[in-house]
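Number of protein chains: 2
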Amino acid sequence: MRKVSVFNNVSIDGYYTDADNDYGFAHEGADDPELQKFTAANAKGENALVFGRLTYELMAAWWPSKDAARAMPEVAKGMNAAPKYVFSLTLSKADWANTTLLKSDPAKEIARLKKTAGPDLTILGSGSIVAQLAKAGLVDEVQLMVCPVVLGAGKSQFAGARARWTLARSRTFGNGRVFLAYELAA
Amino acid sequence: MRKVSVFNNVSIDGYYTDADNDYGFAHEGADDPELQKFTAANAKGENALVFGRLTYELMAAWWPSKDAARAMPEVAKGMNAAPKYVFSLTLSKADWANTTLLKSDPAKEIARLKKTAGPDLTILGSGSIVAQLAKAGLVDEVQLMVCPVVLGAGKSQFAGARARWTLARSRTFGNGRVFLAYELAA
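For the protein sequence lines, the chains are C and U, in the order given. Mapped onto the numbering used here, the consecutive letters of the first sequence carry residue numbers 5 to 190. Mapped onto the numbering used here, the consecutive letters of the second sequence carry residue numbers 5 to 190.
Check before you lean on any hint, since a few could be wrong.
With a cut-off of at most 25 Å between alpha-carbon atoms, the simulated DSS-like pairs for lysine-lysine come out as follows [to be verified]:
no. : chain 1 : residue 1 : chain 2 : residue 2
1   : C       : Lys159    : U       : Lys159
2   : U       : Lys139    : C       : Lys159
3   : U       : Lys139    : C       : Lys139
Among chain U residues calculated to face chain C with C-beta under 10 Å, some are [what the hints assert, rightly or not]:
no. : residue
4   : Asp22
5   : Phe42
6   : Ala138
7   : Thr170
8   : Thr176
Footprint (simulated), chain U over chain C, 3 or more residues, beta carbon under 8 Å [what the hints assert, rightly or not]:
no. : region
9   : 16 to 23
10  : 71 to 77
11  : 151 to 157
12  : 163 to 171
Worth flagging that the hints you see were computed from the coordinates, not collected in a lab. Predicted model, so just to flag it, every value in this text is computed and none were measured. Just so it is clear, CB atoms sit at the ideal spot from N, CA and C, and this is done for glycine as well.
Could you build all of it, start to finish, from the sequences and the hints given here?
In structure tokens:
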């Protein structure tokens with residue numbers, strides 16, 4: 005079975021974007037060497053990536069750009085090369101390299117994909133997809149990087165997905181971020 | 005200056021109660037000896053307590069009871085003995101021992117109280133009060149005990165209180181809870 009994990013930067017109050025879909029808070033302090041080393045090791049770049057449309061459009065506009073290649077060459081290379089899936093009923097095509105556009109129900113499609121051969125799946129951003137998959141019990145691990153900021157309002161990635169989880173790992177960074185990884189409770 | 009701190013159990017998704025004002029999630033695993041030792045040391049019982057009406061009514065119904073005295077004798081004794089403030093425009097009296105009913109604006113009243121002599125102030129629950137005080141820059145420390153549960157919906161204690169904080173301390177517990185303490189960013 006392919007494993008499904010979520011990675012998101014979140015605020016102290018649990019949001020992965022503010023009320024305007026802005027996740028700029030996640031960039032503050034992101035150039036910290038300790039954090040960058042961890043991120044590079046944590047995101048080995050071998051996974052397939054899963055997005056909802058909003059997150060896909062943000063990422064597809066950034067990672068193939070010359071600015072991204074200059075700013076974060078290794079990460080950009082990995083993001084562009086990775087197999088990607090985007091769920092959208094409104095997009096008619098998905099031009100970012102190695103992207104498959106999916107129009108089926110996310111829970112049904114991921115349940116099917118999990119049983120196929122291939123790399124593990126990582127969801128970035130995409131709170132609506134995370135919530136749908138978590139409600140269906142299809143998320144094996146949630147990785148949160150808690151940033152030292154309160155947003156005061158924003159979007160949650162777990163709407164309606166009430167469940168117990170098991171803390172698997174945690175790590176505190178010198179820049180005040182706290183990494184928390186939870187696995188599906190037995 | 006008296007220090008104002010907040011202590012709340014929160015879910016992974018940042019809520020201190022679920023959508024029905026229920027905080028039963030915070031009781032699951034709360035009988036863990038490691039956690040109880042920490043809680044007893046952390047809440048030294050010397051602070052004055054601050055509540056909004058909803059939290060006050062829940063606490064006032066529990067801590068003076070015989071059940072509470074049986075279940076948690078030391079904590080009950082401390083809670084009943086502590087000086088307490090409740091903000092409410094609808095209550096006409098507050099009968100729980102050592103409670104002062106306040107009808108003024110929470111931010112103005114706490115700003116005034118901070119300058120008086122007396123014990124430090126701790127807010128429990130009371131998200132609307134926390135948000136108002138945090139927006140006014142009157143909260144010196146936020147202590148969160150992150151419980152390993154997603155609620156999927158609920159009440160936030162930081163509505164509208166966007167701000168950067170500084171991580172001061174953190175601790176992971178064997179039962180999967182994570183304690184995070186933040187101080188007001190300089």
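Each hint, compared with the structure:
no.	hint	result
1	C/Lys159 - U/Lys159	holds, 13 Å
2	U/Lys139 - C/Lys159	holds, 20 Å
3	U/Lys139 - C/Lys139	violated, 34 Å
4	Asp22	holds, 8 Å
5	Phe42	violated, 16 Å
6	Ala138	holds, 7 Å
7	Thr170	holds, 6 Å
8	Thr176	holds, 5 Å
9	16 to 23	holds (count 5)
10	71 to 77	violated (count 0)
11	151 to 157	holds (count 6)
12	163 to 171	holds (count 9)
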